[in-house]
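Chains as they are written, first to last, in the numbering used here: chain A, 1 to 218; chain B, 1 to 218; chain C, 1 to 218; chain D, 1 to 218.
None of these hints come from the bench; they were simulated from the model. Be careful, since some hints might not be right.
Note: identical chains are not told apart, hence a pair may lie in one copy or across any two.
Unchecked claim - With a Cα cut of at most 25 Å, we get these calculated SDA-like pairs of lysine to any residue:
#1 Lys58 to Leu217
#2 Lys160 to Pro15
#3 Lys160 to Glu19
#4 Lys160 to Gly77
#5 Lys58 to Glu26
Number of protein chains: 4
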Amino acid sequence: MNAPIPRILLTGFDPFGGESINPSWEAVRALHGRRIGGHRIVALQLPTEFAGSLRMLKAAVREQAPAILLGVGQAGGRRQLSIERVAINLQDARIPDNAGVQPVDEPVIAGGPAAYFSTLPIKAMLAALHAQGLPAEISNSAGTYVCNHIAYAMLHLAAKRRGMRAGFIHIPYLPVQAAQRHGSASMALADVVRCLEIALRTAIATPVDRRLGAGALD
Amino acid sequence: MNAPIPRILLTGFDPFGGESINPSWEAVRALHGRRIGGHRIVALQLPTEFAGSLRMLKAAVREQAPAILLGVGQAGGRRQLSIERVAINLQDARIPDNAGVQPVDEPVIAGGPAAYFSTLPIKAMLAALHAQGLPAEISNSAGTYVCNHIAYAMLHLAAKRRGMRAGFIHIPYLPVQAAQRHGSASMALADVVRCLEIALRTAIATPVDRRLGAGALD
Amino acid sequence: MNAPIPRILLTGFDPFGGESINPSWEAVRALHGRRIGGHRIVALQLPTEFAGSLRMLKAAVREQAPAILLGVGQAGGRRQLSIERVAINLQDARIPDNAGVQPVDEPVIAGGPAAYFSTLPIKAMLAALHAQGLPAEISNSAGTYVCNHIAYAMLHLAAKRRGMRAGFIHIPYLPVQAAQRHGSASMALADVVRCLEIALRTAIATPVDRRLGAGALD
Amino acid sequence: MNAPIPRILLTGFDPFGGESINPSWEAVRALHGRRIGGHRIVALQLPTEFAGSLRMLKAAVREQAPAILLGVGQAGGRRQLSIERVAINLQDARIPDNAGVQPVDEPVIAGGPAAYFSTLPIKAMLAALHAQGLPAEISNSAGTYVCNHIAYAMLHLAAKRRGMRAGFIHIPYLPVQAAQRHGSASMALADVVRCLEIALRTAIATPVDRRLGAGALD
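Whole structure, please, built from the sequences with the hints as guidance.
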C-alpha cells in the first residue's frame with residue numbers, strides 16, 4: 001500500500017470591503033489539486049470573518065493534516081507580493097468583517113504569545129521569486145484585520161503540530177480591481193499564481209531558511 | 001489599384017538609467033506589423049537621447065506619413081498605464097541622456113508654443129481600457145525628460161500635418177524590473193500590449209473625443 | 001511726491017472638499033500688509049469657484065496693478081511646497097467647485113494658448129528655499145481644478161501686461177488637517193509662511209531665473 | 001524627607017545613513033530636565049549601533065530606574081508621528097549600523113519571546129494627539145533595524161520590572177532633511193516636541209489604555 005501524498009493547505013478569502021472578487025481566492029483556486037514537489041495542493045476559501053475563518057481553518061487542518069499551511073490574502077495598495085515575516089496576537093478591525101463584527105484590541109488566541117514568526121523559509125522564497133524576475137518583498141506586518149488573524153492562527157496551530165510549517169503571503173489588487181481605483185497598483189493573476197507555485201516549491205525544498213538580508217530601516 | 005493602408009507609427013525607447021530593458025520597446029515591438037482597424041502598425045525604437053530621438057522621429061514621420069503617431073515610454077514608479085494629456089516645450093534632464101547630454105531649461109522646439117494637448121481621444125481611450133478591466137489613468141505631466149520631448153515633438157509635427165493625430169502613453173516597470181527595485185509597482189507585458197492595442201483601436205474609431213471627467217485636484 | 005510702493009498680489013482660496021480651513025488662505029493672510037523688498041503685499045481670498053475666482057482676480061489685478069502675482073493653493077497629499085512650472089488651458093473638475101459647477105474639458109480662456117510657463121524665477125526660488133533648509137520641489141502640473149485655473153489666468157493676465165510677473169505655489173495640508181486624514185503628509189504653517197516670504201524676496205531680487213536642473217523623468 | 005521624583009527615560013539616536021542630524025535626538029534633548037505630570041524627563045542619546053545602544057540602555061535603566069521608558073527614532077519617509085504597537089525579536093539590517101555591524105536574522109535577545117506589545121497607552125496617546133490637531137498614527141512595525149532593536153529591548157526590560165512601562169515612537173524627517181531629499185515628507189521640530197510632551201502626559205495619566213479602533217487592513 002502507498003503512503004498518502006502529503007498535503008499543502010492553501011487558503012484564500014472571499015471578497016470584502018466592497019470588492020466583488022478577492023484576488024487571493026482567484027489565485028489559490030487556480031492551484032487546487034495541483035501536485036507540486038511530491039505534495040498535493042488543497043485550496044480552501046475562508047470567509048473574511050474573524051470567527052468563521054478560524055473555525056473553518058481548524059476543521060480543515062484537522063481533516064487534511066497538511067505538511068504546509070499557506071494563507072494568502074488581498075493587500076489593496078501594495079505594489080508587490082509580500083511574504084509576511086510575523087503575525088501578531090491582535091485584532092483591531094478598521095472595518096467590520098463580513099459577519100458585521102469589528103473587534104478592537106482583542107487577541108486572536110487568548111493567552112497565546114504576542115507573535116509568531118513564519119516557519120516557512122521566507123528568505124529562500126524571496127530569492128527564488130527574484131531569480132525568476134518576479135516582484136516580491138518581505139513584509140514585517142500583516143496588519144490587524146482578518147489576514148493577520150488567520151496568519152497568527154496558522155502559526156499557532158503549526159506550533160503545536162510537529163512537521164507542519166506555516167506562513168502567509170499578501171498580494172496586490174488584480175488589474176481589474178485597480179481599473180476601478182484611481183492610481184492603485186496591481187499584479188496580473190498569472191504572475192501571482194506563478195509566484196505562489198514557486199514559493200511552495202521553494203518551501204518544500206528548503207527545510208532551513210537561508211540567511212539573506214531583507215530588512216526594513218523602520 | 002488599391003489605396004495604401006494607413007499607418008500607425010508606434011514608438012518605444014531603448015533602455016536608460018541603468019536598466020537593461022525598456023518596457024516601452026518590449027510592448028511596442030510586439031505590435032509591429034499588426035493590422036488593426038484597417039491600419040498597419042509600424043514599431044520604431046528611438047534612442048533615449050534628446051537630439052537623436054528627434055532626428056529619427058522626423059525621418060520616420062516623413063517616410064511613413066502615418067495617420068496616427070503614438071509614443072510610448074517607461075515611467076518607473078507609476079502604478080498604472082498613464083495616458084498623457086499634454087506635453088510641454090521644455091527639456092530639464094535630471095540625468096544625462098544616453099548620448100551624455102543633459103539640457104536644463106531649454107525648449108524642445110525653439111519658438112514653439114508652450115504646450116500641446118494630445119490630439120488622440122484620451123478620455124475615450126481611458127473609458128475603453130476601464131471597460132476591459134485594465135488599470136489606466138489620465139496624466140497631466142509627461143515629465144521634462146526625453147519622453148516629454150518626443151511627446152511634444154510628435155504633437156508639433158501633427159499640428160503641421162492635416163490628418164495626422166498624435167499622443168503619448170507612459171507605462172510602469174515590468175515585473176522583472178520591479179523584482180530588482182524594492183517596492184516598485186509594475187505591470188505585466190501582456191497587459192500593456194493589450195492596453196496599447198485597445199487604445200489604438202479606440203483612437204481609430206473615435207474622431208472626436210468623449211467628454212468624460214478624469215481630472216486632478218492638484 | 002513719492003512714487004507709490006509696488007504691490008504683490010498674493011492669493012489664497014477658501015476651504016473646499018469638505019475641509020473647514022484652507023492652508024493657502026491661512027498662510028497668505030499672515031503676510032497681508034507686510035513690506036518685503038520694497039514691495040507691499042496685498043492678500044486676497046479667492047473662492048474655490050471657477051467663475052467666481054476669475055472674476056475676483058481680474059478686478060483685483062485691475063485695482064492693484066501688482067508687480068508680482070503669486071497664487072497659492074492647497075494640494076492635499078503633497079509632501080513639500082511645490083513651485084509650479086506651468087499652467088494649462090484646461091478645466092477638468094473631479095469634484096464640483098464651491099458654486100456647484102463641475103466643468104469637464106473646457107478651456108480656462110477660450111482661444112488662449114495651451115499653456116503658460118511661470119514668469120517667476122522658479123529655480124532661484126527653489127534654491128533659496130533649499131539653502132534655508134526648507135523642503136520644496138518644482139512641479140510640472142498644477143492639476144486641472146481651480147488652482148490650475150487661477151494659475152493659468154494669472155499668467156494670461158501677466159502676458160498682456162508689461163512688468164507684471166506671475167506664478168503659483170501648491171502647499172501641503174496643515175498638521176491639523178493631516179490629523180484627520182490617516183497617513184497624510186503635512187507642513188507647519190510657520191514654515192509655509194517662511195517659504196512664501198523667501199520665495200517672494202527671491203522673485204523680487206531675481207529678474208532672470210537661474211539655470212538649475214530640477215527635472216522629472218516622467 | 002521627600003520621595004524622589006519618578007523618572008521618564010527618553011531616548012533618541014545619533015545620526016545614521018549619511019544624515020548629519022537625527023531628529024529623534026533633536027526632539028528628545030529639547031525635553032531633557034523638563035518636569036511633566038510629576039515626573040522628571042531624562043534624555044539620553046543612544047548610538048545607532050545594535051550592541052552599543054543595548055549596553056547603554058541597560059546601564060541607564062539600572063541607574064535611573066524610570067517609571068516610563070520611551071524610545072524615539074527617525075523613520076525617514078513616514079508622514080506622521082508613528083506610535084509603535086509592537087516590537088519583534090529580530091535584527092535584519094539593510095545597512096550596517098554605526099559600528100559597521102550588519103546582523104541578518106538574529107534575535108535581539110536570544111531566547112526572548114517573538115514580540116512584545118507596547119505597555120504605554122497607545123490609543124489614548126493617539127486620541128490626545130488628534131484632539132490637539134497633531135498628525136499621528138498607530139504603526140504595526142518598527143522595522144528590523146536599531147529602532148526595533150531598542151523598542152524590543154525596552155519592552156523586555158519592562159517585562160521584568162514591576163511598575164516600569166515602555167514604548168517607542170517613530171518620527172518623520174525634519175524639514176531641513178527633507179530639503180535635501182526630493183519629495184520626502186517631514187514634520188517641524190516644534191510639533192514633534194509638542195507631540196512627545198502630550199504623549200508622555202497622556203501615558204502618565206492613563207494607567208489602562210482606552211479601546212479605540214486604529215487598525216490596518218494589511
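May I ask which of the numbered hints given earlier this structure violates, with the numbers listed in increasing order?
-> Of the numbered hints given earlier, those the structure breaks are 2, 3 and 4, listed in rising order.
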